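Asks: Protein chains in written order, with my numbering: chain A, 1 to 113; chain B, 1001 to 1114.
A portion of the hints provided could be inaccurate.
With a Cα cut of at most 27 angstroms, we get these calculated DSSO-like pairs of lysine-lysine [unchecked claim]: (1) A:5 to B:1013; (2) A:5 to A:56; (3) A:112 to A:5; (4) A:71 to B:1057; (5) B:1013 to A:68; (6) A:37 to B:1057; (7) A:38 to B:1013; (8) A:54 to A:38; (9) A:5 to A:71.
Looking from chain B toward chain A, a few residues come up when the C-beta cut is under 7 angstroms (computed) [claimed, not checked]: (10) 1031; (11) 1048; (12) 1055; (13) 1069; (14) 1070; (15) 1098; (16) 1107; (17) 1108.
Just so you know, these hints were derived from the structure itself, not from any lab. Just so we're clear, the structure is a prediction, and the values are computed from it rather than from any experiment. For glycine and all other residues, C-beta sits at the position ideal for the given N, C-alpha and C.
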Amino acid sequence: DQQVKQNSPSLSVQEGRISILNCDYTNSMFDYFLWYKKYPAEGPTFLISISSIKDKNEDGRFTVFLNKSAKHLSLHIVPSQPGDSAVYFCAASSYNQGGKLIFGQGTELSVKP
Amino acid sequence: KAGVTQTPRYLIKTRGQQVTLSCSPISGHRSVSWYQQTPGQGLQFLFEYFSETQRNKGNFPGRFSGRQFSNSRSEMNVSTLELGDSALYLCASSLMGAFGNTIYFGEGSWLTVV
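Take these sequences, add in the hints, and give me the full structure.
Replies: Next up, the structure:
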C-alpha cells in the first residue's frame, strides 16, 4: 500500500522556467511533509518542509504548497537551474510516529540549458 | 558542524554472512533512523531509535536489527544475508523526530551481497 505517491517518474524542464513536482498521499494522519533532493550514490539532501497547519512555505527558489483536502502537495522551483537536475523525493510523517518518514518513489528532474 | 557519518561506505558480503553498519548522528541529535533504498522498492523505513530505545519499526524481517548507544551513535545488523539485501542503507538523524524538525541523512553504506 503506497501511502505516498509521486506519479511522475521523470520531468524535463528548460533552464529558467518553473519546475513543478507533485506528490499525493492517502493517510490523513500525516501532518508533516518534507522534500529531499538526491544524487546517485549520495544521501538525500533536505530542501524544504511544511506542516499541516500551513498551506505554503517558501525558501529561496523553493516553495511547497499543501492542499490538505486533496491530500496533495507540490514543490515549485523557480527559476530552474541545471544544478537542480536530480531525483526529488517527498516524504510524510505524523506527530506520533517520531522520526519515521514514508517516502514517495521519487521524480527525476532534468533541467536543460 | 559535522553531518551524519556512516561507515563503511562500501562493502561486499557473501550470502549467509552477517553485516554491521555504523552511524554517528549530528551532535545533539537523539533520534536516529535507518532506511533501505533499492531500485524496486524505493526508500523504505527500517527502524528508529530515540534515547537508546527502539521507537518505531518498519516491515522488515527479524534478520534486521539495530541498537543505539548512550552517545546516540547507532548500529544496524543484518544476519543471514540474502541476495535481496543488496541495497543502499541510509542513516538519518534529527533532534527529536520528524515533526517540526529537519531530518538529515548520511551518505549511506552500499551493501552488495554475492
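Asks: Each of the hints needs a verdict: does it hold here or not?
Replies: Results for each hint:
no., hint, result
1, A:5 to B:1013, "33 angstroms, violated"
2, A:5 to A:56, "20 angstroms, holds"
3, A:112 to A:5, "25 angstroms, holds"
4, A:71 to B:1057, "25 angstroms, holds"
5, B:1013 to A:68, "45 angstroms, violated"
6, A:37 to B:1057, "24 angstroms, holds"
7, A:38 to B:1013, "26 angstroms, holds"
8, A:54 to A:38, "25 angstroms, holds"
9, A:5 to A:71, "11 angstroms, holds"
10, 1031, "4 angstroms, holds"
11, 1048, "4 angstroms, holds"
12, 1055, "5 angstroms, holds"
13, 1069, "17 angstroms, violated"
14, 1070, "18 angstroms, violated"
15, 1098, "4 angstroms, holds"
16, 1107, "5 angstroms, holds"
17, 1108, "5 angstroms, holds"
Taken one by one, the earlier hints fail for this structure at numbers 1, 5, 13, 14, listed in ascending order.
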